[in-house]
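A.B. asks: Here is what each chain is made of, one letter per residue.
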Amino acid sequence: MRWLKRWDWLSGRPLLFGAILGFLLSFPFWGSRYWVDVGFYVGLYALLGLGLNVILGEVGLFNLGHAAFWAIGAYTTAILNVRFGVPTLALLPISALVAAGCAWLVSSPIIHLRGDYLCIVTIALGEIVRLVLINNPGGFTGGPNGIVGIARPSLLGHPIRTSTDFYFLVWAVVALCALALRQVQRSRIGRAWNYIREDEIAAEAMGVDVRALKLLAFVLGAALAGIAGNIFAAKMRMVSPDSFTFMESCLIFCIVLLGGMGSIPGTILGAALVVLFPEVFRPVAQYRLLFFGLALAATMYFRPGGLWPRRRALAAFAKEGER
Amino acid sequence: MLLQVDNVSVAYGAVEALKRVSLAVSGAEIVAVLGANGAGKTTLLKAISGLVPVKSGAIRYNGRELHKLPAHLIARLGVVHIPEGRRVFATLTVEENLNLGGYGCPKEEVQRAKDRVFQLFPVLRERRRQLAGTLSGGEQQMLAIGRGLMRSPKLMLLDEPSLGLAPLLVDQVFATIEQINKEGVPILIVEQNARKALSIANQAHILEVGRIVLSGPARELAADARVREAYLGGAAYERRLRAKESREA
Amino acid sequence: MLTFVQQLLNGLTIGSFYAFVALGYSLVYAILKLINFAHGDLFGLGAYLGYTVFVYAAGVIGSRFGLWGLLPAGFVAAALGTAGAGLLIERVAYRPIYPIGRLPAVVSALGMAIFLSNFIMAVWGPRYLAYQEAFIPTGFWQIGGFRIRVLQVLILVSSLVLLFVLYYVVEKTTFGAAVRAVALDRETAALMGIDFLKVIRFAFSVGPALGAIAGVFVGMYYRQINFTMGWVYGLKAFTATILGGIGNIPGAMVGGILLGILEALAAGYISAAWKDVFVFAALMLMLVFRPTGLLGEKVAEKV
Amino acid sequence: MRDGIILETQGITKRFRGLVAVDRFDIAIRERTIHSLIGPNGAGKTTVFNVITGIYQPEEGKVLFQGRVLNGLKPHEILALGIARTFQNPRLFRNMTCLENAMAGGHAHGRAGFWSSVLGLPHQRREERAIREGAEEWLRRLNLWHFRHELARNIPYGCQKLLELARALAAQPKVLLLDEPTCGLNESEKETMMAFIGDLPKQGFTVLLVEHNMNVVMGLSDLITVMNYGKKIAEGTPAEIYNDPVVIEAYLGRGEERAVAGG
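For the record, the sequence lines run as chains Y, S, V and G.
Each residue of the first sequence is one higher than the one before, counting from 1 in our numbering.
Each residue of the second sequence is one higher than the one before, counting from 1 in our numbering.
Each residue of the third sequence is one higher than the one before, counting from 1 in our numbering.
Each residue of the fourth sequence is one higher than the one before, counting from 1 in our numbering.
Bound-form chain Y, shown alone:
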């Protein structure tokens, strides 16, 4: 099994990763339903984080409107399922495609904008999507109340129903995406993304088609958000515009930076922190976001590179081992 050998983020710290994997796999069997649901949300935000990590972490494009693609994925699932009866799980790839398509349409004219300008455009995009959903054009989106009654997905005749089912669904998708993204990270495409992040002009001068690769990152990130939208809609059985606010985009942004730009395990860790923080501080519910704000600032002070930054030099050494 060659691919197993190439799994070097395991080979780096096998014990730690084994422990995490064991914990994730066994957790639903001994954790309470409430905490399994929390575990589901960690997975969901990890997926959103992985999508944004491609855009922000790998390429360095400021995107503070990632929730828009999440919303597009969720509403695609909701509308096609409730109105046209398409099975929910079959909508997973379709949601990804629709979100990716929207991302392509919107980002192609603006992809050349520099950092902060791109940032404001993505914020505006997030707002436009949310407002459109609220304004209910053609009666399609159900207005502020959203759409209810989304069917449960079923996999090969087995309905995905319980918290545990959804937990494994989302984490299976996270695992697949993380593996795929890791492959890309180690390819010329992943390197080219990093070249763009480090120095766009030099990247272009070295033969990197900056525009095409930025678009690819945007579309890919949006597709992952679309998948997250599908799973979210299936779990909640309803969607409404309230779920896709600017605050959500901020949280996903923070996930990537808390974890460490371009770091896949870091992103998953960031998602865990962002989801778990309010849970741990539930006793002081009123002040928990207040503390969350302070914690964000403090983390950036103590670990500006994120909690689990990507280790480049080691990755390169590991590559050599496989020769």
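It is possible that part of the hints are untrue.
DSS-like cross-link-like pairs, simulated, lysine-lysine; straight-line CA separation at most 30 Å [unchecked claim]:
| hint | chain 1 | residue 1 | chain 2 | residue 2 |
| --- | --- | --- | --- | --- |
| 1 | S | LYS154 | V | LYS33 |
| 2 | V | LYS275 | S | LYS55 |
| 3 | S | LYS68 | V | LYS33 |
| 4 | S | LYS107 | V | LYS172 |
| 5 | G | LYS232 | G | LYS62 |
| 6 | S | LYS55 | S | LYS107 |
| 7 | S | LYS68 | V | LYS198 |
| 8 | V | LYS275 | S | LYS107 |
Please keep in mind that the hints were generated in silico from the structure rather than gathered at the bench.
Following the hints, position chains S, V and G against chain Y.
C.D. replies: Frame of chain Y; chains S, V and G shown alone:
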């Protein structure tokens, strides 16, 4: 002693950029610090003007302990640092650049200093309303020096004034520096162009990887065989030129 | 025609709110290249501080000097308090972090925005608070077919005066040149004897103070405030900043006014529900054709 | 292609907000030579580079490479055709390893797309190996091998300049544009760099060199073009240029430098 740098060390993170460097500027003289890129020349000037913190050692200027002061207060003492690469404020006008050179000084004094700068560099008067970024490289260097003269400097720190300038302009810039010095301003100059710097300096120091390895009167250093080979490159240059010419002939 | 003029007037009023808040973003951005996401919530804080002063001082000052004695007290207190908060945030959450890098600073700013809005909610509660009639100038003039409210005139005149003063300070005085110099090259500015911290304090006190004044005006104009108002206006004002060209003082003013007019016209002639969609779409279109804003930055990247 | 000219510009003009940076400029570079472009600061040398490499589009004139017009092509397309460059101040990918930096050169010659990378298909893996081996080859030849796993920002300045050169060479270009390759190097690093550049024509490369250090220019060049205010003011062999009164007036000056060299 006007300026006394005493056993100064500076570190960027784990890397020591200056290691126990000592030198002094006494009267109205020109002191040159020579060395290759990365030797720590710029760091030395930045330590004196307060742009980088001193790890150990002391810098004294007229009895004041400079290493304990922030950069803007050091500038107000009349220690004028003209940074490498000119660094004019590109989207401010030439005149605004000059006014900032005298930031915090009384209005009449600024006006008087400005007139003197315009006398020294007439081209700046012509371009006073132009944005500094639209000046040519040489004009920007003149503006950078002129901006430094606005505060009637008591000590001038010059960082690579010849960098990136055409040879013809280099001559002009060095002539200006000599003239400023003749008017009584002590100068500490850091240069890669060792030959030029030694030709105007009284004292010189050679910096190698953060340490001063050789000090002495500029004339002696210019004659030193090691210096000639390592920094003036004269012998190698002549050799190559001759080889090239003989090959072509 | 009548509606047009009326909408234009509304647009100018809203636009001056945006201009006020946009200036705070722009000043900080120019100097630190940092989007101060907490700025919108400082504006919200200003509205709440003004409210509190009005409520508590109405008996003391209002009873003795009347409305026109109460108003300056409220504005000054709100401006001072918010400026203090701005300075405090800079000291605690930005100054230790911005030397490290831009992205950590952005996250820290987002953290401060979350903190501030939740702080407001914790102190004043999550419900809407009403600005009472007792501290709002309610008079109006009837000219021809339409009415001009005293409050609107007050807003427009004071914004005109304050914006002009700020413009003059930044563009025409030596201190203003120092501010712009710090924005361009902090190190070299220090070599000119310019105190960086003084410039920072200027940005983090004047910006929030102007934002607070706008906050109080918004409270008076719409007669109610809420802890989420910070980010609603913050987002619009930030859009205005970009529209005019970020880091550019006149640009922020022009962008704010323009955005207000655009919004009012869109609300009047298209649909109130779709006005924000229209505004944001206009922003995106503008950036496609003029990537650095209307008044733009003067420097292009050097290769 | 006439007379072995591999790269030429014909009457290119580039203005910035009314200021003419390059004014109807012609230059023709013969294959396997070192051609230097010198002139005072702000004469437009770097702008010529940026026009040739497609970062700027000229308002007038043409750029021809092996008889093909380059106007309108994007920088990455021009690199793929065989023109690579270095920058005056090294523009490395600072938070990536030296090996990854050098591998950037191979990027344009890769074909593997997104899906074959995700699946790690055999042709993608072969291609990755080829890119890496190409990069490693140049790291060895430029004595950067021991730095290959260091982050680019952590290696000394002189090595950064060499790494930029390795990166450009790994792109297998036909023409190399070098922007002040010895600027900021110490004397021994300068020697290394010069020896290496001097060797490039023998290996089949053509070099266009912008440089201020006359030592380097006179020692290396086969032909020198002098420009001032965006125009060509002289062209010739090093010996001709060195004694050209127009060049002396505009650029070289009559300083001590010449006294030493002439003596």
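A.B. asks: For every hint, state whether the structure bears it out.
C.D. replies: Comparing the hints with the structure gives:
1. For the suggested pair S:LYS154 and V:LYS33, the alpha carbons sit about 35 Å apart, so the restraint of at most 30 Å is broken.
2. Distance check on the hinted pair: V:LYS275 and S:LYS55 sit about 58 Å apart at the alpha-carbon level, beyond 30 Å; violated.
3. At roughly 29 Å between alpha-carbon atoms, S:LYS68 and V:LYS33 fall within 30 Å of each other, so this suggested pair holds.
4. Taking the CA atoms of S:LYS107 and V:LYS172, the gap is near 15 Å; set against the 30 Å cutoff, the hint holds.
5. Between G:LYS232 and G:LYS62 the CA atoms are separated by roughly 16 Å; this keeps the pair inside 30 Å, and the hint holds.
6. Taking the CA atoms of S:LYS55 and S:LYS107, the gap is near 38 Å; set against the 30 Å cutoff, the hint is violated.
7. For the proposed pair S:LYS68 and V:LYS198, the alpha carbon gap of about 19 Å is at most 30 Å, so the pair holds.
8. As the CA atoms of V:LYS275 and S:LYS107 are separated by approximately 51 Å, the hinted pair breaks the 30 Å bound.
Taken one by one, the earlier hints fail for this structure at numbers 1, 2, 6, 8, listed in ascending order.
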